[in-house]
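Read top to bottom, the protein sequences are chains A and B.
Sequential numbering of the first sequence, starting at 470, is according to this note's numbering.
Sequential numbering of the second sequence, starting at 588, is according to this note's numbering.
These are computed hints drawn from the structure, not numbers from a lab.
Cβ coordinates follow ideal geometry from the N, Cα and C atoms, glycine included.
A hint or two may mislead.
Keeping only pairs whose Cα atoms sit at most 30 Å apart, straight-line, the calculated DSSO-like set for lysine-lysine is [claimed, not checked]:
#: 1; chain 1: A; residue 1: Lys685; chain 2: A; residue 2: Lys698
#: 2; chain 1: A; residue 1: Lys662; chain 2: A; residue 2: Lys651
#: 3; chain 1: A; residue 1: Lys478; chain 2: B; residue 2: Lys1084
#: 4; chain 1: A; residue 1: Lys779; chain 2: B; residue 2: Lys605
#: 5; chain 1: A; residue 1: Lys523; chain 2: A; residue 2: Lys661
#: 6; chain 1: A; residue 1: Lys685; chain 2: B; residue 2: Lys793
#: 7; chain 1: A; residue 1: Lys871; chain 2: B; residue 2: Lys955
#: 8; chain 1: B; residue 1: Lys697; chain 2: A; residue 2: Lys685
#: 9; chain 1: B; residue 1: Lys1084; chain 2: A; residue 2: Lys933
#: 10; chain 1: B; residue 1: Lys1084; chain 2: A; residue 2: Lys661
#: 11; chain 1: A; residue 1: Lys662; chain 2: B; residue 2: Lys813
#: 12; chain 1: A; residue 1: Lys863; chain 2: B; residue 2: Lys813
#: 13; chain 1: B; residue 1: Lys1081; chain 2: A; residue 2: Lys554
#: 14; chain 1: B; residue 1: Lys813; chain 2: A; residue 2: Lys933
#: 15; chain 1: A; residue 1: Lys814; chain 2: B; residue 2: Lys813
#: 16; chain 1: A; residue 1: Lys866; chain 2: A; residue 2: Lys797
#: 17; chain 1: B; residue 1: Lys605; chain 2: A; residue 2: Lys855
#: 18; chain 1: B; residue 1: Lys831; chain 2: A; residue 2: Lys570
#: 19; chain 1: A; residue 1: Lys661; chain 2: B; residue 2: Lys697
#: 20; chain 1: B; residue 1: Lys813; chain 2: A; residue 2: Lys876
#: 21; chain 1: A; residue 1: Lys570; chain 2: B; residue 2: Lys813
#: 22; chain 1: A; residue 1: Lys866; chain 2: B; residue 2: Lys823
#: 23; chain 1: A; residue 1: Lys933; chain 2: B; residue 2: Lys955
#: 24; chain 1: B; residue 1: Lys1123; chain 2: A; residue 2: Lys933
#: 25; chain 1: A; residue 1: Lys797; chain 2: B; residue 2: Lys955
#: 26; chain 1: A; residue 1: Lys577; chain 2: B; residue 2: Lys813
#: 27; chain 1: A; residue 1: Lys698; chain 2: B; residue 2: Lys605
#: 28; chain 1: B; residue 1: Lys823; chain 2: A; residue 2: Lys475
Reference excerpt, derived from the structure (chain A facing chain B, CB under 8 Å, subset only) [to be verified]:
#: 29; residue: Ile529
#: 30; residue: Arg678
#: 31; residue: Asp694
#: 32; residue: Glu704
#: 33; residue: Leu710
#: 34; residue: Ser712
#: 35; residue: Thr719
#: 36; residue: Leu726
#: 37; residue: Val751
#: 38; residue: Ile752
#: 39; residue: Ala778
#: 40; residue: Leu781
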Amino acid sequence: MKKTLKYLKPYWRGVAAGLFLKLLGSVAELFLPLLLEYVINDVATNAALSSDVKIRMIVISGVLMVVCSLTALLGNIFANRLTVKSSGNMTHDLRYDLFQKTCYLSSKQTDEIGVPSLISRLTSDSYYVNQMTARTLRLGVRAPILILGGLILAFWRDVTLALVLLACVPIVGIVVSLITRKSVPLFSNVQKKQDVMVRDLQENITGVRIIKALGKTEYETEKFDGTVKDLASREFRANRLNSLSNPLATLILNLGLVAVIVVGAVYGKKTGTILAFLQYFVIILNAMIALSKIFVVISRGSASAARIAKVLDLDVGETVEELPEGDKSYKIVFDDVSFSYNGVKDDVRNVSFALKPGQTLGVIGATGSGKSTLVALMMRFYDVGKGRVLIDGKDVKSYTLKELRAKFGAAFQNGFLISDTVRKNVDYGRDLSEEEIDEAIDAAQARELVEGLEGGLDFVLAQKANNLSGGQKQRLLVARALAGKPEIIVLDDSSSALDYATDAALRRAISTRYENITKVIVAQRVSAVKNADLILVLDDGEVIGLGKHDELLNTCREYAMIYAAQMGGEEYGTLSAE
Amino acid sequence: MERFQPNNHRGARRKVDKKFVFSNLLKFLKPFAPMLFFIFLANVAGTVLTLVGPKLCGMAIDLIDLENGTNFEKIRNYAFILIGVYSLSAILEYFSAIGMAYISRGIVKKMRSDVFAHLGTLPVSYFDNRQAGDIISVLSYDIDTVGESLANDVIIVLKSVVLIVGSLVMMMTIAPLLVIVFAFTVPLSAIMTNFIVKRVQPLFRKRSLKLGELNGFVEEMTTGQKTTRAYNCEEKVLEEFEVKNREAIDAYARAEYLGTISGPCVNLMNNLSLTLVSIFGAFLFMNGQISSGDISSFILYSRKFSGPINEIANVMGEFQSAIAAAERVFRVLYEPSEPADPADAEELTNVRGDVDIEHLVFGYTEGKEVIHDFSLNVHSGQVIAIVGHTGAGKTTVINLLMRFYDPDSGCIKIDGKDISALTRSSVRHAFTMVLQDSWLFAGSVYDNIVYGNPNATREDVERVCKAAKIHSFIMALPNGYDTQLTDNAVNISKGQKQLLTIARAMLLDSPMLILDEATSNVDTRTEQIIQQAMEKLMSGRTCFVIAHRLSTIRNADNILVMREGDVVEQGTHEELMRQKGYYSELFYSQFEAI
């Protein structure tokens, strides 16, 4: 909350001016009943005045009332403008900082918070904070001014009647806040069930084929009916309570009116005074109802603000340490590296290998064996737990992240494509030349694919690249990795959706066109790595084989098994004879 | 309470077919007609009572006589009457609000059930052609909007109309001359509100659009954060974000500037009315045409009178969106269902598993054929593998076999019977499917496995899980078979998910099996386990296998090589290798030396 308020600070002038105008407008409005009282009590019903004087006084009062009305109008409009501007700007800044922070979070931090949670902080939470600030500035100030001002004026005019008023205020306050407080958990109950409903729907839509195949449509319909019924009764319970607040507040207001009349009669108050009090009543009680609504917005907004602050408070400062250098003749060195994501069990253990410039490293192993983790450590998405990773003889911790990552061109598993043009996806913010992009498209075997798309390089991808097939996506990701000729190309499971012919052509293109570039190829297919200079076989985080294809066939049982399973032993025999 | 909606822009707005909406809405309202009538009565009565209040107040105030002494007895009586009147009106108001909430609950419930039940009857193509999010938003957000509008807006409009008419009548009886004031302020207020609403609406639409764009961008970029970092383009992304952020804030501010004007404007009109009434009232009083109590009543009525007018104006905007939402809901209800099975449709029973496909032609959209002229004869117990590039039409064949889609021409026969003459459910029951994306739902492991066969016993379940080599994994879960599979609570790999769906398939006793890229997402070792599990599943059944790993289909009885909707080669692995055609090309490419 405090953190959020700080974002309002640069705009304090606007806020202050807005609040001042709001005050002005609200006070002007409070003067109206006062003038009304004056007209009725001191002018119209005053027998001592001549009618000429009376008419003049009434007209003057009328003009004053119009002036007050206009002041209220202009004050409020301009105040709203200023507060909208301030709260808008504040939200802009907050969102920007939050997004910036999100961009620079380390992978570890991202894992801890979770991507969906980060997204909801950036979208819904920032929306609620904006709503809170805007509403509070607009109404949260006006309501207390009206209440306070109304009470002051009331006491000034008539203490007895003001006491009646004062008695009503806390009653309405308590009733309204009680109802609000009770209804908040009821509404969050509704929300929870709503989430369940949406989840069920999602399941039913994605599983439509299975459900139809198994003839479970009726079962699902019944199940959904149950959810809907439950949701509806939760909603009803919440609404039932909520429906109470309006009639109850109105009733208290009306009873207060009656009390003012009775007390006025008993104490012999003038008609005009009673009338003015009736006006104060309406103003004050409406303000109280408005205030209670703001409390809901504030309570939700401050919860959101806290969630945002939690991310903003994270430290993303990168550390660059001077660490001893190693052998510069190797491009990539893993020196007894262990690492664990959760700090309990090592996800990779004692991994060591060394790769010379221009060589190709193949990494093979089952899912979850730690293949992608090696890539993540190489690019310093995570820091090693033990051992060290050297690139060009220098510890990855001695590079700035920018320097280090500029060396890489990487295509990740289930890689990420933006809903923009093909060109922008390949370029990815690096301002590459047309030739560089073309070359990468060719090498990635994506030429035919790109030419088949409407607009070629300017074809716009749908969200999550839904208008491309898996193989098409992979080729674009590979093109991105190849573009700009990085020092190290990393392809993490980037050809699994390609058919064998295309896959082979891709490998051929990479080995000829990018001959002098160091390559790291992570795969499940033996065919993708078998020609690598060094193949690393991982099993449950441990290196169980390291060497060339022919060596591994003899030394690593697992590798030989995978090979046999994928290719079939006898074909290998016949093929090598060819 | 305003709720956050991630993407509340829904393309360009068409003109809403109001007649269509109302005639359908009436159908939903009909069962509640008697209740609606009583709510109507209660509401009118309650509102009329609140209108009596000011008149009585005025009469009571008139009794205050500072010169000749006040008649306290009478005032006391008035006070009691007033308390009674106000209490009764509050009670009536509360009951009509609850009543409407009750009705809206009933309608929302019925709408959701009906829409969902109808979705169940829709063909698969309906879901293939739509974003899941759009369907979900109809069932959640749109129906909510309709319900809220019914619960709140109807009451407001009803009450407002009674208040306007009633207070106008009351004011006329008190001082017809003073009513002239409103001939001036009401139209002005109406014009102003109308003016603002007209200009604000497109601005608000733009606001939602821009916010939707920003949120879309954020969602995308947060998901791709790792890539952004790998390519060092955080600054570029931030720049782009800044543009979108700015646009969203500007659109917000512009809409809000204008939107927040209406409140003060309405206040101005109220204040002006008050001013005019008090001034003219004062003159009338001086001429002795009106009592001071009358002025009080009149002022109270004037407050009641002007409030509802802008209330109605506000509600109209909500009505518009509720009607548009209702239209989207009803449109779903009018989507054509899967054509009903013909009256003489036969149940497919005791299936042997012979499948004959004759001259099949099919396209998802008219004029774009995917399958050109596809024929195939399969004997019971055979394994048929279908290979080819993505988009070659492999999955389409499955869609047609399962009758998720019907062919444009040609036919499919099971045991010699044309499947279009059989009931859909019996055709589907004849197959068991294991698809690439293993589908599990939020529920226990056990529930997920018995899903297709609720009569299975615990022993059956354990037996198939052992056969699928997933039993020991399940036993290691925190609650064994009763472990809940919700979102991310339990860490299950893709391979394990696939094994669970295979176990589910094993519980079914269908004579035919469809495996659509069932192992493409898993590594070789898991694949081998799955493969073994599947072989158990396959034995004795007619199988259709789609796979892009050629090693997995080498033992098929018949391999169909598809290319652009045609079968270009057909035969066993050995035959096809001997042909040295497209298949052998595909096959050899995996061994190709670089």
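Verification of the hints:
| no. | hint | verdict |
| --- | --- | --- |
| 1 | A:Lys685 to A:Lys698 | holds, 20 Å |
| 2 | A:Lys662 to A:Lys651 | holds, 18 Å |
| 3 | A:Lys478 to B:Lys1084 | violated, 52 Å |
| 4 | A:Lys779 to B:Lys605 | violated, 48 Å |
| 5 | A:Lys523 to A:Lys661 | violated, 65 Å |
| 6 | A:Lys685 to B:Lys793 | violated, 42 Å |
| 7 | A:Lys871 to B:Lys955 | violated, 49 Å |
| 8 | B:Lys697 to A:Lys685 | holds, 21 Å |
| 9 | B:Lys1084 to A:Lys933 | holds, 23 Å |
| 10 | B:Lys1084 to A:Lys661 | holds, 26 Å |
| 11 | A:Lys662 to B:Lys813 | violated, 34 Å |
| 12 | A:Lys863 to B:Lys813 | holds, 23 Å |
| 13 | B:Lys1081 to A:Lys554 | violated, 49 Å |
| 14 | B:Lys813 to A:Lys933 | holds, 15 Å |
| 15 | A:Lys814 to B:Lys813 | holds, 24 Å |
| 16 | A:Lys866 to A:Lys797 | holds, 16 Å |
| 17 | B:Lys605 to A:Lys855 | violated, 69 Å |
| 18 | B:Lys831 to A:Lys570 | holds, 17 Å |
| 19 | A:Lys661 to B:Lys697 | holds, 20 Å |
| 20 | B:Lys813 to A:Lys876 | holds, 16 Å |
| 21 | A:Lys570 to B:Lys813 | holds, 13 Å |
| 22 | A:Lys866 to B:Lys823 | holds, 25 Å |
| 23 | A:Lys933 to B:Lys955 | holds, 25 Å |
| 24 | B:Lys1123 to A:Lys933 | violated, 37 Å |
| 25 | A:Lys797 to B:Lys955 | violated, 59 Å |
| 26 | A:Lys577 to B:Lys813 | holds, 11 Å |
| 27 | A:Lys698 to B:Lys605 | holds, 29 Å |
| 28 | B:Lys823 to A:Lys475 | holds, 27 Å |
| 29 | Ile529 | violated, 10 Å |
| 30 | Arg678 | holds, 6 Å |
| 31 | Asp694 | holds, 5 Å |
| 32 | Glu704 | holds, 6 Å |
| 33 | Leu710 | violated, 10 Å |
| 34 | Ser712 | holds, 4 Å |
| 35 | Thr719 | holds, 6 Å |
| 36 | Leu726 | holds, 7 Å |
| 37 | Val751 | holds, 7 Å |
| 38 | Ile752 | violated, 11 Å |
| 39 | Ala778 | violated, 18 Å |
| 40 | Leu781 | violated, 15 Å |
When held up to the earlier numbered hints, the structure conflicts with 3, 4, 5, 6, 7, 11, 13, 17, 24, 25, 29, 33, 38, 39 and 40 and fits the remainder.
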